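For the protein sequence lines, the chains are A and B, in the order given. Its first residue numbered 1, the first sequence is counted upward by one per residue in the numbering used here. Its first residue numbered 1, the second sequence is counted upward by one per residue in the numbering used here.
These are computed hints drawn from the structure, not numbers from a lab. Any given hint might turn out to be false.
Unchecked claim - If you want the footprint, here are the derived chain B segments under chain A, 3+ residues with CB under 8 Å: (1) 124 to 134; (2) 141 to 149; (3) 600 to 613; (4) 674 to 680.
Said to hold, decoys possible - Here are the computed lysine-lysine pairs in the DSS-like style, where the Cα-Cα straight-line distance is at most 27 Å: (5) Lys162(B) x Lys713(B); (6) Lys245(B) x Lys167(A); (7) Lys722(B) x Lys77(A); (8) Lys203(A) x Lys594(B); (9) Lys594(B) x Lys2(A); (10) Lys4(A) x Lys307(B); (11) Lys338(A) x Lys162(B); (12) Lys438(A) x Lys203(A); (13) Lys150(B) x Lys295(A); (14) Lys380(A) x Lys162(B); (15) Lys100(A) x Lys728(B).
None of the values given here were measured: they were computed from a predicted structure. Note that beta-carbon positions come from the ideal geometry of N, C-alpha and C, so glycine has one too.
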Amino acid sequence: MKVKMLSRNPDNYVRETKLDIQRVPRNYDPTLHPFEVPREYVRALNATKLERVFAKPFLASLDGHRDGVNCLAKHPKSLATVLSGACDGEVKIWNLTNRKCIRTIQAHEGFVRGICTRFCGTSFFTTGDDKTVKQWKMDGPGYGEEEEPLHTILGKTVYTGIDHHWKEAIFATCGQQVDIWDEQRTSPICSMTWGFDSISSVKFNPIETFLLGSCASDRNIVLYDMRQATPLKKVILDMRTNTICWNPMEAFIFTAANEDYNLYTFDMRALDTPVMVHMDHVSAVLDVDFSPTGKEFVSASFDKSIRIFPVARSRSREVYHTKRMQHVICVKWTSDSKYIMCGSDEMNIRLWKANASEKLGVLTSREKAARDYNQKLKEKFKHHPQIKRIARHRHLPKSIYSQIQEQRIMKEARRRKEVNRRRHSKPGSVPVVSEKEKHVVAVVK
Amino acid sequence: MSATGAAESLLTLSHQEELADLPKDCPWSTSEDEGDSDRERKHQKLLEAISSLDGKNRRKLAERSEASWDVSEFSVGCEGTGEQLVLSDLLQPIKTSSSLATVKKQLKGVQAKKTVELPLDQEEAAQVHREVAFSTTSQALSKWDPVVLKNRNAEQLVFPLKQQQLDFAPIEHVLGGWKARSPLEQEIFNVLHKNKQPVIDPLLTPVEKASLKATSLEEAQMRQAELQKARALQSYYEAKARREKKIKSKKYHKVVKKGKAKIALKDFETLQKASPTTALEELEKIEKARMVERMSLKHQNKGKWAKSKAIMAKYDPEARQAMHEQLAKNKELTQKLQAPSESEEEEGAVEEDGLFVPDVVNEVQMDTHGPNPWMHTSCTSDVKEAEVLKDPEQLPEHLAFEDSEGEGEEGPVAEEAMLLKESEERRCLRKRPELNQDTKPVGRQETQDPSSQEVLSELRALSQKLSKEDRQPRKQKANSAGAILPVQREEPAREEEEPLLPQRPERVQTPKELGKGGCSQNTELRRPVLQGQQMEKNANNQPDAPKKKKRKEQMIDLQNLLTTKSPSRESLAVPTTIDKLEGEEERDQKQMIKEAFAGDDVIRDFLKEKREAVEASKPKDVDLTLPGWGEWGGVGLQPRAKKRRCFLMKAPEGPPRKDENLPNVIISEERNIHAAAHQVHVLPYPFSHHQQFERTIRTPIGSMWNTQRAFHKLTTPKVVTKPGHIIKPIEAEDVGYRSSSRLDLSVVQRNPKRLSIHHKRPLKKNSVGGVAGDDVLMS
């Protein structure tokens with residue numbers, strides 16, 4: 001019996017040197033490549049499945065603190081350096097590449113309330129329960145030198161937060177009022193108040209650097225203009241806002257982490273309705289930080305999880321949790337937008353990948369092309385039910401899962417009640433209030 | 001005069017005082033001048049003095065006769081009339097006096113001013129201030145709107161937005177900024193300083209500097225000229241070398257190489273005479289090179305290039321030649337070097353026999369694409385037997401080797417030697433077929449039929465031709481030209497060289513070539529051609545063939561010979577024994593398939609299936625007849641036809657089937673539940689029409705359906721970040737705006753007062769003090 005075989009001359013498809021471009025003879029005649037949609041659908045499905053298979057976001061846990069981690073700060077010039085302050089007044093500087101603590105300072109008595117780095121990366125500021133603000137050198141003390149702060153400011157009240165200006169030698173603290181300090185002086189160059197409650201955090205706008213935002217325990221968010229030395233506007237929400245974070249790419253956008261389990265993204269020019277209400281957490285949101293690309297942000301919650309939200313979406317795209325992670329108090333997105341760090345109650349700082357299934361390390365061009373293609377396929381077919389189901393599927397701790405169910409029921413009940421009330425009362429007397437408007441109590445000029 | 005002047009000045013002064021107070025007490029009162037009489041009197045006097053100065057006034061005063069309780073010095077009062085006092089009334093009397101210009105001016109200023117409203121409540125004031133500040137700030141922020149919009153809609157954003165520029169600092173700057181800290185570094189620097197070594201720019205020691213200074217101009221010029229010359233020479237040599245390297249002529253390179261070899265050999269000889277030990281070393285080196293060559297596969301037709309050539313060799317004589325050359329090279333390199341003192345002529349010839357043999361083997365192997373142990377042994381043994389051919393059978397490779405080696409001695413006689421070799425080769429060519437035919441019967445056993453023999457002969461011919469070409473390309477042309485006629489294709493070995501030639505790859509000949517070379521070779525070529533079989537027979541019955549072969553021949557059945565086909569022309573190297581069975585096999589296969597699927601009639605089955613599917617999908621008529629209604633009913637009774645017709649609801653004609661005109665297809669239009677699980681039910685958010693959405697799904701993005709460029713374009717990610725790069729917040733300068741925040745601090749410091757005015761300030765003292773600069777630097 002004769003066997004007929006195809007034979008090809010290797011000269012037609014083998015590269016002469018390995019630096020040559022791969023020769024792929026291809027006939028683009030569509031009749032030769034039928035079923036493009038089903039084939040791409042299958043590819044998209046596979047890509048989605050593989051994404052879930054490879055989703056291993058947890059990278060490392062930095063342990064060494066002896067109390068809950070209360071605050072985190074990024075180094076402005078070095079990606080590998082991160083600073084953390086704990087509830088026992090200890091500040092640690094970490095090297096992320098080695099995953100080791102490189103320096104430990106007993107900075108305060110009581111909590112380290114706030115920590116921030118100078119824009120040049122040479123020094124950093126801490127503030128604590130002992131009513132002091134201290135400036136420290138980033139480099140450790142030389143041999144034989146004592147570990148002591150460069151400057152110490154003793155205040156009259158407790159400072160609950162601190163943030164440094166992005167370009168100048170100015171920093172701001174908050175407590176009873178928002179104080180703006182020159183680094184060289186012991187008294188603030190201006191202090192601004194509006195209301196009497198204690199202010200929990202203050203943040204400089206990274207783009208229009210004369211703007212500040214603060215949030216106080218009387219449920220309000222206040223914006224300040226440093227140049228005119230005046231508050232600008234105040235918005236009062238349903239519940240207390242824990243902290244805010246400015247978008248590093250959009251000057252007028254900031255996001256507030258609220259006690260009512262939600263996050264609110266505001267356009268500071270129109271505070272009466274938030275641009276977006278981000279809800280998925282099942283407990284108070286304690287901290288929020290934007291990705292340096294300004295497209296996403298990460299939030300830390302009391303429900304022992306962190307979530308990643310796209311700025312324009314109201315639901316999170318990712319949730320990270322581990323069995324051992326307790327209430328997450330602080331969270332930061334690294335400056336190369338690849339990693340996320342979170343500090344939690346149980347004294348650990350955890351390092352996560354921002355993109356759970358991303359491959360670490362250098363990619364070859366073919367890997368890159370495949371990744372891009374898969375990404376595009378997933379995006380193209382994201383509305384298809386099977387793909388959507390697989391892409392959305394996350395494992396959650398039982399507590400969070402049951403909380404979500406419970407809250408869903410509660411929300412549904414509330415909605416039903418409102419609908420019933422509307423149905424049984426005079427038309428127009430029970431207006432329809434959108435979710436966005438619901439949470440803003442008032443805007444004070 | 002002087003007294004009046006003083007009085008006048010005094011008057012103006014007093015007036016000024018009064019008027020300066022005017023804005024303070026707004027309601028005008030005239031009762032102020034009810035002072036003591038003394039003062040009154042004095043005032044009267046003053047007035048008189050004034051009146052003496054101004055005639056008009058005096059007259060007016062003189063006219064006043066009416067008694068009034070309160071007489072104003074300006075003769076105006078508002079008591080009686082109930083009118084309000086107007087400033088213009090006050091101004092009237094002094095209108096004409098030019099000396100009161102300043103007063104008038106001030107009064108006018110007062111007249112223009114309105115009453116200041118009550119200051120606002122502090123809270124309200126703060127609010128107003130805030131509102132203004134907010135509106136200005138939000139206006140300032142709205143300059144970011146286009147940037148934000150652009151970034152949100154961007155196809156691709158590459159972060160960091162601002163690409164870093166690498167700036168290279170010269171080494172001197174780097175060194176200048178660097179200071180020795182550790183003791184070791186300091187020591188090193190000390191040593192450097194002691195020896196007056198340069199640490200920073202310029203990198204010259206003082207001695208060097210001095211020497212630089214010391215050289216005279218002439219010297220420098222001479223040196224420069226020298227350098228220039230050297231450089232020019234170098235460039236010439238380089239150019240020459242490049243030119244020579246570029247010469248493509250192989251002959252030229254061969255000649256050059258040969259020349260070099262000659263020189264080397266001469267040197268070697270002289271060296272041998274001068275110092276035998278070094279010569280021995282040299283010899284060892286050569287030997288070692290040979291060993292290396294033997295070990296390596298470098299010239300053994302094993303490389304990629306050689307393999308590619310082997311593919312081509314079948315058709316391209318040049319490729320064949322190239323391969324041969326490589327083999328020859330191998331031969332040459334692996335040739336054992338003779339001790340130079342021995343007589344080369346005799347021993348070389350003896351060895352050449354042995355050496356020559358594997359070469360033939362090599363050729364054959366190469367041509368048949370596979371090592372054949374049978375061929376191997378038979379060939380060698382046979383050749384060893386055929387001693388007649390001993391001398392002329394030297395293969396070109398070997399000859400080539402001889403060229404390179406032996407020419408050292410021959411020297412000037414090289415041309416003669418060339419001629420000699422050519423003639424030898426001609427001879428060899430003529431005798432070669434004999435050898436080939438010798439080998440045949442031994443190589444192939446009894447199973448072989450003449451056709452396969454013929455194949456073998458073909459191979460032989462090919463190999464021989466290769467060898468010949470290797471040696472003399474120009475001769476080969478004439479040779480082949482003379483030998484070939486298209487009609488003679490089937491002709492096997494008839495004469496000594498004829499049978500081989502027709503089966504060479506180059507079969508088509510131009511008439512010109514024919515005419516040129518034909519006569520030179522043989523006249524037999526033009527003989528009429530016989531039938532193929534007959535010729536084969538003839539070939540087998542060659543008279544010059546040795547006896548062994550004849551014996552074999554007897555075993556071959558004549559009938560068998562006649563029935564066998566002549567081998568196909570397409571494949572030279574592949575044995576053609578398979579071909580004759582092909583037809584039978586095909587028939588067999590068909591038969592087998594028929595038997596296997598004897599009962600199947602696929603087409604009819606399919607048609608039936610389709611008919612059924614069509615029937616099933618047709619809408620059914622509904623029969624609404626009720627048996628027994630209006631008539632008798634029961635077993636065996638059918639409703640009347642008329643009634644049935646009446647109550648039969650005809651089903652409406654459905655839409656035409658999609659596969660109506662496609663005979664080979666069944667298209668099911670039923671909804672597939674399994675597929676439905678994968679389909680989108682609701683139109684997703686950004687799309688407004690389902691066609692829009694379908695269109696996005698329908699366009700494929702893979703590289704299978706798109707060109708590479710389109711694929712890249714379609715799959716560009718929206719956000720690209722570089723690993724390890726810090727992404728800074730966007731800056732006004734990045735997008736071409738002026739930075740507004742440069743003076744944040746200075747602005748705050750410039751207007752500290754406002755802070756104290758507008759805000760409740762628990763730490764007022766602090767802030768003011770901070771600005772005043774009385775604070776102490778933090779330690």
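Comparing the hints with the structure gives:
1. Check on the region 124 to 134 of chain B: 7 of its residues sit with their Cβ under 8 Å from a Cβ of chain A, so the three-residue criterion for coverage holds.
2. Look at the region 141 to 149 of chain B against chain A: 4 of its residues bring a Cβ nearer than 8 Å to a Cβ of that chain, three or more, so the hint holds.
3. Given a C-beta distance limit of less than 8 Å, the hint that chain A covers the region 600 to 613 of chain B is violated, as 0 residues qualify and 3 are needed.
4. A count of 4 residues in the region 674 to 680 of chain B with a Cβ less than 8 Å from any Cβ of chain A is obtained; the coverage claim is therefore met, three being the minimum.
5. In summary, the hint linking Lys162(B) to Lys713(B) is supported, as the alpha carbons are separated by about 23 Å, within the 27 Å threshold.
6. Between Lys245(B) and Lys167(A) the alpha-carbon distance is near 63 Å, which puts this suggested pair outside the 27 Å criterion.
7. With a C-alpha separation of about 15 Å, the suggested pair Lys722(B) and Lys77(A) falls inside the 27 Å cut-off, and the hint holds.
8. The straight-line distance between the Cα atoms of Lys203(A) and Lys594(B) is roughly 86 Å, outside the 27 Å bound, and the hint therefore fails.
9. For the suggested pair Lys594(B) and Lys2(A), the alpha carbons sit about 18 Å apart, so the restraint of at most 27 Å is met.
10. Restraint check: the Cα-Cα separation between Lys4(A) and Lys307(B) comes to about 23 Å, which is no more than 27 Å; the hinted pair holds.
11. Among the hinted pairs, Lys338(A) with Lys162(B) is consistent with the structure: their alpha-carbon atoms are about 18 Å apart, no more than 27 Å.
12. Proximity of Lys438(A) to Lys203(A) is assessed by CA-CA distance (about 26 Å); at most 27 Å being required, the pair is judged to hold.
13. For the proposed pair Lys150(B) and Lys295(A), the alpha carbon gap of about 13 Å is at most 27 Å, so the pair holds.
14. Only pairs whose Cα atoms come within 27 Å are accepted, and Lys380(A) paired with Lys162(B) is rejected, the gap being roughly 31 Å.
15. Straight-line distance between C-alpha atoms of Lys100(A) and Lys728(B) comes to about 26 Å, which keeps the hinted pair within the 27 Å bound.
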